[in-house]
Each structure stands twice: as structure tokens, then as C-alpha cells.
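Number of protein chains: 4
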Amino acid sequence: MIGKKVWVFADGDLPPHPEGLGEPKAHEALMVVNYGAEEAHLSVELLFEDAGPKEDLSLTVPPRRVKCFRMDMPIWDGDYVIPFGQYAMVLTSDVPVVAVFGRLDRRKDMAYYPVAPYTE
Amino acid sequence: MIGKKVWVFADGDLPPHPEGLGEPKAHEALMVVNYGAEEAHLSVELLFEDAGPKEDLSLTVPPRRVKCFRMDMPIWDGDYVIPFGQYAMVLTSDVPVVAVFGRLDRRKDMAYYPVAPYTE
Amino acid sequence: MIGKKVWVFADGDLPPHPEGLGEPKAHEALMVVNYGAEEAHLSVELLFEDAGPKEDLSLTVPPRRVKCFRMDMPIWDGDYVIPFGQYAMVLTSDVPVVAVFGRLDRRKDMAYYPVAPYTE
Amino acid sequence: MIGKKVWVFADGDLPPHPEGLGEPKAHEALMVVNYGAEEAHLSVELLFEDAGPKEDLSLTVPPRRVKCFRMDMPIWDGDYVIPFGQYAMVLTSDVPVVAVFGRLDRRKDMAYYPVAPYTE
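Protein chains in written order, with the working numbering: chain G, 1 to 120; chain U, 1 to 120; chain D, 1 to 120; chain X, 1 to 120.
A portion of the hints provided could be inaccurate.
Copies of the same chain look alike in the list, so a pair counts if it works inside one copy or between any two.
[As the list claims (entries may be wrong)] Using 27 Å as the maximum straight-line C-alpha spacing, the simulated BS3-like pairs for lysine-lysine come out as follows:
hint: 1; residue 1: Lys25; residue 2: Lys108
hint: 2; residue 1: Lys108; residue 2: Lys5
hint: 3; residue 1: Lys54; residue 2: Lys108
hint: 4; residue 1: Lys54; residue 2: Lys5
hint: 5; residue 1: Lys54; residue 2: Lys4
hint: 6; residue 1: Lys4; residue 2: Lys108
hint: 7; residue 1: Lys25; residue 2: Lys5
hint: 8; residue 1: Lys4; residue 2: Lys25
Since the hints were derived computationally from the structure, they do not count as laboratory data.
Just need the whole structure built from these sequences, with the hints factored in.
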């Protein structure tokens, strides 16, 4: 069982999509590794600067897989999309997982911004 | 209660603001997540290379919120602004929080520099 | 004995090689420090999004050395090469080591993407 | 007493200095925070890929200060300079400190590469 059940990424901020640019597209993404033999169920909570939390979001990672979730896509059950602006993400998994989070900004050329994870 | 009460960011160095550039502006920022139910009060101390520490700075984060503090702005009580040059930041919070720190440098195109947090 | 025996890098994704570009080449690399007096033997397992794990890969680091492994090269025994697309890497060493992982993307200029390590 | 006594940075690789570029210069740097009341004395050891370690290097950080050490400069006692190519750095301090390490590559525009610290 490798990993932790709680992961916090304190700096989400979806980058704008400049028109006319090719690949790779500006985005933020969450990568989750499930090294174990059971499917991982993640409860996701989003915090904002000037509004209450968005709760009741969930993600699933099959056993022995890594999944890449695009934060600018409707990846959740239902059609919720994350609004532009500052947010933070708190993940709670029922089994240990390993997560990383990063942004690709294309407003001027191309800039990667990895967000340091906090876990416990 | 998710987080830690002590956070150190060892490499602050406010980037210059080249003239004539549009968004996003060069800056450094501190993001703090307060996942708990009580307001977080942070004591902030700045260390420098050739001068004594700047003490008695403070920041506040409401419960269940993330806040983004722009280090080049007068975000503190009073009108203190961080001088250009090397500095480090030591945060002490009265409740557990999660913090990340990053720089956006615009001197040539656009470069993100995230600073690895130390916590205890 | 400095280091840990388990290291996970949750976000591998080999960048394409644009034609006509000089050095430095787009790539991903794993750096492993063996500070101890014994050779380090690393078992490497790769996880994917839509396929089962690749197991039985191994790497070796001499005592008192750092080694840089280029992930786009046939660095393993045999001629296995990592396919394009999302992957994650789980390292298990027989002695404590320190590892970091990073990407250099050249699709537009040059962008470094370091992947936050998880260790236990 | 905030910090740790052992810090490892697994990926040093001094970037070349392209001619004719203005500030900021390509470089690698080590930032060390000494939050305590006593001067910090750091023993530094460098590891390489194909040569034995360089030992007996030392650095000093005054109490209540942050210091930025430029890795491409003769920052050590004597005139030792780090050779080009892969290296790793192991720091051992007599008092707890906090350290971060980063590279600025200027071969194409400007790219920051922060190296994830390992500490114990």
C-alpha cells in the first residue's frame, strides 16, 4: 500500500485559452496513482477566495493505474466545471494514492507551473 | 484539521516589472488554504541577506477559504512593502493551514518558479 | 544512510521531439543519488492509464554516485522503451537513495516541468 | 529551531552561458535559511556520475539570515569551481536550516528548474 489518503493542492487557477494556438493546450491537470489492488474513490472539495466550498465531487482511479484528470473539463459526475479564478483542491481517498498537480500556461509561449503537494 | 502551523519559503526575490507588458504581471504570490472552521491568523517574518529580520507582519485567512497574497503589494497592516532582493519567509499560524509560494518572471517571455515549501 | 527506498513519480509523459531543434533535446530524466557505500539496485514499475503495469525493469546506481537516466532511451536491460502518453513510475531500491524527476518540453521554446516526488 | 540538518539536491547541472544575453544570467543557486540564533556551518559534498565525490567544502550562514549561493561562482574557501555536467549536492548543517535549490536556463529564452529537496 503506497501513498496517502489526503492530498491538498493550494494553488489552482485555470489559465485562459489564447485563440489560434496549437497543441499543447493551456490547462491544469491532476495525476493520481493507484498502486494498490482496489479501486480508489476520491472525494474532492474545492475552496475559493470569496465563496463557500464546492463539495460532493468525486473521482475514481482503477487499481494499478495512473489517471490524468483535466481540471478544465467536466470530469465529475454531472456537468460541473471549475470557474476561472483562484481555487484550492482537497482530496480524500478511501485507499492510499499518490497525486501531483500542474498547470500549463500558454499566454506567452509556454510555462509549466507545478504545485507543491501537501499530504498527510 | 488539515495542514501545518509552520511554513518556510526559502527563496523570495521579487521580479522586476518590465514596461509595456500586458497580463499576467510579474509577481510573487503566497497561497494559503484554511480548511478548518476557525479563522487563521498568520504571523509572518521576513529574513534578508544583509539586514535583520522584518517582524510583526500578519495575514488572515477566513475559515474554509483559500487566499492569494501578492507579495509585491501592501498586503500587510500598514504600508510595508517588501524590498527588491533576496528574502525568505517564515509563517506561523495559530491553526493548521497549507501554503504554497510561487514567482512569475516576465523579463524574457514568461517563467514560473515555484519554491519548495518546508513545513513542520 | 541517507534517503528512502520507495519513490513514486506520478506524472510521466514523454514530450515529442520537434524537428530541427538543437540542444537541449526534449526529454524526461530520472536522477538518483546513492550516498551509501553499497551499489543500489532499483526495481522499476511503470503504470499507465489504459493498460496493465510494466514490471521487471531495473536500474543500478554505483556507491557514492549520482546517475541521470534518460527516460526516452533504452536504459533498461533489454530494449524496452517507454511509450508516449501518460505514465507513472514506482521505484523500489534495496538501499536508501534520493531521486528527482523532470521533463524538458521543447514544443514552444523551452519549458521545464519538475514532478513532485512522493517517498516513504 | 526550525529546519533540518541534512539536505540533498539530486539534480545539479550548471547551464551554459549563452553569449550576448543580458540579465538575468544563467545559473544555479542554493538558498539557505538560518532562522536560529547561532551561525550555521554547512559541510557540502558533491557527487558525480563518473568520478568520486568532492568533499571538504563548506558554507556559512549567519543567524537570522537567508543566504543565496551561486553554484557557478567560487563560493567555497579556496578557488574550487563545480565542473559542468551532472552532479548532486549533500548538505549537512550543525544547526537546523531550510534550503532550496534552483536553476535558471537561458539557452532558449528563460526557463526555471526547481529541484525538489530531500531532507531528513
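Hint-by-hint comparison with the structure:
1. Lys25 / Lys108: Classified as both; 12 Å inside a copy, 12 Å across copies.
2. Lys108 / Lys5: neither (36 Å within a copy, 36 Å between copies)
3. Lys54 / Lys108: The answer is neither: 31 Å in one copy and 35 Å across copies each exceed 27 Å.
4. Lys54 / Lys5: both (19 Å within a copy, 25 Å between copies)
5. Lys54 / Lys4: both (22 Å within a copy, 23 Å between copies)
6. Lys4 / Lys108: Classified as neither: same-chain Cα gap 36 Å, cross-chain 35 Å, threshold 27 Å.
7. Lys25 / Lys5: Close neither inside one copy (30 Å) nor across copies (36 Å); limit 27 Å.
8. Lys4 / Lys25: Neither: 30 Å inside a copy, 35 Å across copies.
The structure fails to meet hints 2, 3, 6, 7 and 8 from the earlier list, while all remaining hints are met.
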